[in-house]
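Guided by the hints, dock chain B onto chain A, whose structure is given.
The chain contents come next:
Number of protein chains: 2
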Amino acid sequence: MQVAMQEANIALKNNEVPVGGVLVNNETNKIITKAHNKINDGNNAILHCELILINNACEKLKSKYLNKTTLFITLEPCVMCAAAISEAHISAIYFGAFDEKKGGIEKLRIAYKRNNIYLPQIYGGILEEESANLLKNFFRNKRNES
Amino acid sequence: MQVAMQEANIALKNNEVPVGGVLVNNETNKIITKAHNKINDGNNAILHCELILINNACEKLKSKYLNKTTLFITLEPCVMCAAAISEAHISAIYFGAFDEKKGGIEKLRIAYKRNNIYLPQIYGGILEEESANLLKNFFRNKRNES
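Chains A and B, in that order, are what the protein sequence lines are.
56 is the number that this note's numbering gives to position 53 of the first sequence; each next residue is one higher, with no gaps.
60 is the number that this note's numbering gives to position 57 of the second sequence; each next residue is one higher, with no gaps.
Same shape as in the complex, but just chain A (with noise of 0.2 Å):
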């Protein structure tokens, strides 16, 4: 999780919404890819940090699904996030700051309650505070900008 921390921090150095995480195998416990947003950089609203880690991991370990790997990342996946955890069938997740607007995993339960669809064991709350204080300054620092 300090890893995903590291990435975050890049993320707000680059005027990015600080948001970092990290990709492990599960049986070697070894970082797989690790990224952080990239909305701004890319010019592209949907290279989210997750997005950016399923593509790489795949590419690197030219697997169409990611089972037997965790993510750790500093905040709560939003629904399009979510989503694409469980397409990629990435085995867990360790989320830091709880976002209340666009937090996708419970969502994500409840949109596909009646449906079978595979989801990752969740923890939210890991580094919470340390999360959340980074994209608190973040937001903060932007309103007072403008």
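Think of the hints as simulated: they come from the structure by calculation, not from any bench.
Be aware that one or more of the hints could be misleading.
[Said to hold, decoys possible] Quick list of in silico lysine-lysine cross-link-like pairs, BS3-like style, CA-CA up to 27 Å:
#: 1; chain 1: B; residue 1: 33; chain 2: A; residue 2: 65
#: 2; chain 1: A; residue 1: 67; chain 2: A; residue 2: 16
#: 3; chain 1: B; residue 1: 63; chain 2: A; residue 2: 41
#: 4; chain 1: B; residue 1: 104; chain 2: A; residue 2: 67
#: 5; chain 1: B; residue 1: 16; chain 2: B; residue 2: 41
Only chain B this time, still in chain A's reference frame:
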């Protein structure tokens, strides 16, 4: 929508789930980009037609958002793609076949009902029979192969 169908047929020839789409500029009515599913070809479970279209269009237009564009797609977007379409601010979607299992447009409405998020205008059932038959035949053949 005929162009989206052509793309779906390319996917079919490539042994991909036959879904195709095209993104159009609302002001000029010209095609910005067209694509089809590339999950097998790209070895990546999230390479749905819609994500490819959004990534290509953002790159081509050098724009983070895709306001004033319309998506024509042969299958109702899944939750991941519906949320991506929302993030990218695509203004309208016309889709062919309804997806009872993973179709995410209505689920997104339900999931987000208490939040103020961007939602496109949505029109389903365009060339529905043709789009649905392409998918039904694909999955029937897959079952017969196994």
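Hints and how they fare:
1. B:33 x A:65: violated (35 Å)
2. A:67 x A:16: Violated, because 32 Å separates the two Cα atoms, which is more than 27 Å.
3. B:63 x A:41: With a Cα-Cα distance of about 17 Å, the restraint between residue 63 of chain B and residue 41 of chain A holds, given a limit of 27 Å.
4. B:104 x A:67: holds (21 Å)
5. B:16 x B:41: Distance ~12 Å between residue 16 of chain B and residue 41 of chain B Cα, so the pair holds.
Going through the hint list in order, the structure does not satisfy hints 1, 2.
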